[in-house]
Amino acid sequence: MKRLTLGIKKSNFHKATLITTTSTRGDKPMQAEITQPSEVRKGKYLAALLKVASRCNLNCDYCYVYQHKDQSWENQPKLMAKGTVQKFAERLKEYVLKNEVTSFDVIFHGGEPLLYTAENLVKTVQLIEETVAPFCQLNFSLQTNGTLLTDEVIDNLFTANISISMSLDGPQNANHHRVDHKGENSFNEAFSGLDKLIATDSDLFKGVIAVVDPKVSPKDLFQFFDPLNLPRLDFLLPDSTHLNPPVGRNRDKGLYTNWLLEAFELWFKDYPHIPIRWFDSILASRVGIPSQTDVMGFGDVSLLVVETDGSYTDHDVFKITKPNGASLDGSVFSNSFDKLSDHAVIKEHSYRLSIEGVAEECKKCPVLDACGGGSVPHRYHPERGLDAPTVYCQEIYQVIAKATKLLRESLKIDVEANYSYAVPKGETLVLKANEWAEETLMRARRIADSKKYHAEGVTPAAVLLRAMSTNIVDFDFTREESEPLNWLGSIYLQSNEKWLVEPFKESISVLDRESEPFKYGQANLKKVENYLNHFNPTVLESMRILISDLLFVRSTIENESGIFSFSDDTAPNAIYIAPTVNQVPIPAEDIGDSILHEYLHQVLYHMGREGDFLFDHSFPRFSAPWREGLRSSGGFLHGTFVFTHLALYWEALSDSPFEEIDRTKAENNAKKFKKQAMYGLNSLYHFALLTERGEALIEALAEKLDIQDYKYIEAPGKDLKVEL
Amino acid sequence: MANSLTVKEEYILELTQKTITSHDLKGFNNPVLDRLAKSVEKRNNSIDVTNYSRMHNRHNRS
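Here the protein sequences come in this chain order: A and B. Counting along the first sequence from 1, when you hit position 590 you're at 590 in our numbering, and nothing is skipped either side. Counting along the second sequence from 1, when you hit position 55 you're at 55 in our numbering, and nothing is skipped either side.
Fair warning: there could be bad hints in the mix.
To be verified - Below, simulated SDA-like cross-link-like pairs (lysine to any residue); rule was C-alpha separation at most 25 Å, straight line:
#1 A/K87 x A/D151
#2 A/K405 x B/F28
#3 A/K219 x B/T21
#4 B/K38 x A/I413
#5 B/K38 x A/L540
#6 A/K42 x B/N30
#7 A/K451 x B/K42
#8 A/K269 x B/H23
#9 B/K42 x A/E129
#10 B/K42 x A/R621
#11 B/K38 x A/K123
#12 A/K123 x A/D151
#13 B/K38 x A/K451
#14 A/K219 x B/S22
#15 B/K26 x A/P231
#16 B/K26 x A/I413
#17 A/K451 x A/T428
#18 B/K38 x A/F225
FYI, nobody ran anything at the bench for these hints, they're computed from the structure.
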């Protein structure tokens, strides 16, 4: 019994602006060098794990307390003293009052907590309740190996409202790691306890956790657990680090991956009625629900651990990393929980549970939002400390892909695929551009009529943006130009229609027609026309048909230092382009890139209105090497669509008759965008909730780029090496 | 429906891009998806998700 109970949940991701972290290695706890205000990522305790017994009547070979690097249990008293419990209760009272905590979980753990006896556990509950219950709701639970469970013990614990979770790896042959000190399989004794728990039919029995042994088939496990009708089951991967990789994986790289993929699919299709916390969490991650397990996801340090002698440790799974791997300074006798929460080690732990604190490989991984870098102790690497992906990177990556695929296949059953093209091109593109322009005009006219706007001759985007705005007294449109400017004969250039800009004025400012930047942009439009015509005459023609307005702008956002362009689906067919960066003109081919970029967004908006590419546009969210933070599925799809075409644009320019084009730059840009598109296609294929239409789009984009292998699956931290 | 909505609300609905709801996940006769539907419902209720996720594209491509 060496696990957290099933009842612990991780908190939602708490965004922080943090720290650079360094760590010392060896036998001392890692120290975090905090460079930002200390309260940024303190622990936020919602649960405490009390190690009421430091010894265990079993001797499981994978146990993180006894079988790994840390052997500090030898220095612990066998049982927790009453005085320690009393001091814990006082610390807890102090903490919940100061931090206005309204609900707190206390988990009895060990060793084997039933060595403490049920009677003492009940007394412990009474003592803690007397001190704390007037101020905070307390929830007590016990994590046991089950071998000491009798009807009387269960009755005593349930009467005291202590819920019970059990550890059992499966049937007899799956339970061979869980042996007593004579090396005998503990299955019979444990199963007897489980049987008694099940017989109570009590809500206080919370379920079973099982450590995976990939040599035991998932089918055997499900066939064993299924008839038991457990309230909940959870699978845990054996605790490992990069220093001590998962057993057997050096001989068979796919050992754990294949087991997980088989188990997940079998569960989803044949045993879906069994709630498996980790698997349910993986599936839920596909629709943006934060992880409920320590194996994946962002969060806060919400659990504190009190050893049998009252000393504090970090999560005790850190004991797998090195001697004293979980140790902290102080105990319930010397430090408050608040002081503990401010400990450098806790802060580093907390930091590692944030998006800023994951390894560089993780920041560029499409499943970062779901995985969060994985279990923090499992990241431990002898050279990199905790600044590494989980040792189970490949396993988690692949099982998330499997979950995505299964969910997608289920959702597709109810949706009829109805589309006549994957990506419009040639005559279809021109035809579509006409349809989309007409449809936008009709939408604007309907709204103008209903609002009695005098909108004759006004660009549709202005009408639609005006209709979206509230608290505006002035209803008039302002464009009264005797000689409006245009590009390609039909695209309004630099309209003075204020409604094209009003909703975006915090981001952009329209350039004055007399300004040098505007004149520069306008003067280069002929070159842009030539470039786009060389790239694809049909694209240029459809652009002429679809785009109603081109406005040269500058960004009004501070620290905007790159090439800037803008468009929005609330302003259909209007594009906003910056011809300069910090007053410095950008080359015509980059203006062309910006115009094409925003035109492509508009095209995809219109395509999306004709049928969904995604079952969910928000989730899952994707991280990408080209942009910080996480993007919605919809935004990520847009980026991939745009990059695919920009790669072709720059490729065309790299092989063009235009002498002014820098060939090296064009080639580099083509490579860069192709690489980005490749990442997008690969990520979307495996991890987005694509509809059938979405899948067809991905395939068509890959075909455009002549990419054959976009379906490969490889986690970024797969081949992390350890030099020993 | 349209009669009870403002122009702005109608337009927002037009722009609405799909976010999965519990309704989308029900009816598959799969308890896994039923549990997921409950989680989605709970999440959507708790954070007041309005099934509205228009994209606002702004690009800084340095």
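Exercise. When you check the alpha-carbon spacing of A/K123 and A/D151, does it fall within 25 Å?
Worked result: 19 Å, holds
For this session: Starting from A/K219, check that the Cα of B/T21 is at most 25 Å away, please.
Result: Distance of about 32 Å is beyond 25 Å: violated.
Exercise. Holds or violated: B/K42 with A/E129, Cα cutoff 25 Å?
Worked result: 31 Å, violated
Problem set entry | Straight-line alpha-carbon gap B/K26 to A/P231, limit 25 Å | 21 Å, holds
For this session: Measure nothing beyond the straight line between the CA atoms of A/K219 and B/S22; if it is 25 Å or shorter, mark the hint as holding.
Result: Cα-Cα ~30 Å, so violated.
For this session: Mind checking the alpha carbons of A/K269 and B/H23 for me, to see if they're no more than 25 Å apart?
Result: 20 Å, holds
Exercise. Would the pair A/K405 and B/F28 pass a check requiring their Cα atoms to be no farther apart than 25 Å?
Worked result: 16 Å, holds
Exercise. Given the hinted pair B/K38 and A/K123, is their alpha-carbon gap at most 25 Å?
Worked result: The given pair, whose Cα atoms are some 38 Å apart, is violated under the 25 Å limit.
For this session: Could you grab the alpha-carbon distance between A/K87 and A/D151 and see if it respects the 25 Å cut-off?
Result: Between A/K87 and A/D151 the Cα gap is close to 31 Å, so the pair fails against 25 Å, i.e. violated.
Problem set entry | Hint consistency between A/K451 and A/T428 [alpha-carbon to alpha-carbon, up to 25 Å] | This hinted pair is violated, its Cα atoms lying about 34 Å apart.
For this session: Below or equal to 25 Å on CA atoms is what counts here, so check B/K38 against A/F225.
Result: With Cα atoms ~24 Å apart, B/K38 and A/F225 stay inside 25 Å; holds.
Exercise. Is B/K38 within 25 Å of A/L540, Cα to Cα?
Worked result: Violated: B/K38 and A/L540 sit about 48 Å apart, past 25 Å.
Of the numbered hints stated above, those contradicted by the structure are hints 1, 3, 5, 6, 7, 9, 11, 13, 14, 17, listed in ascending order.
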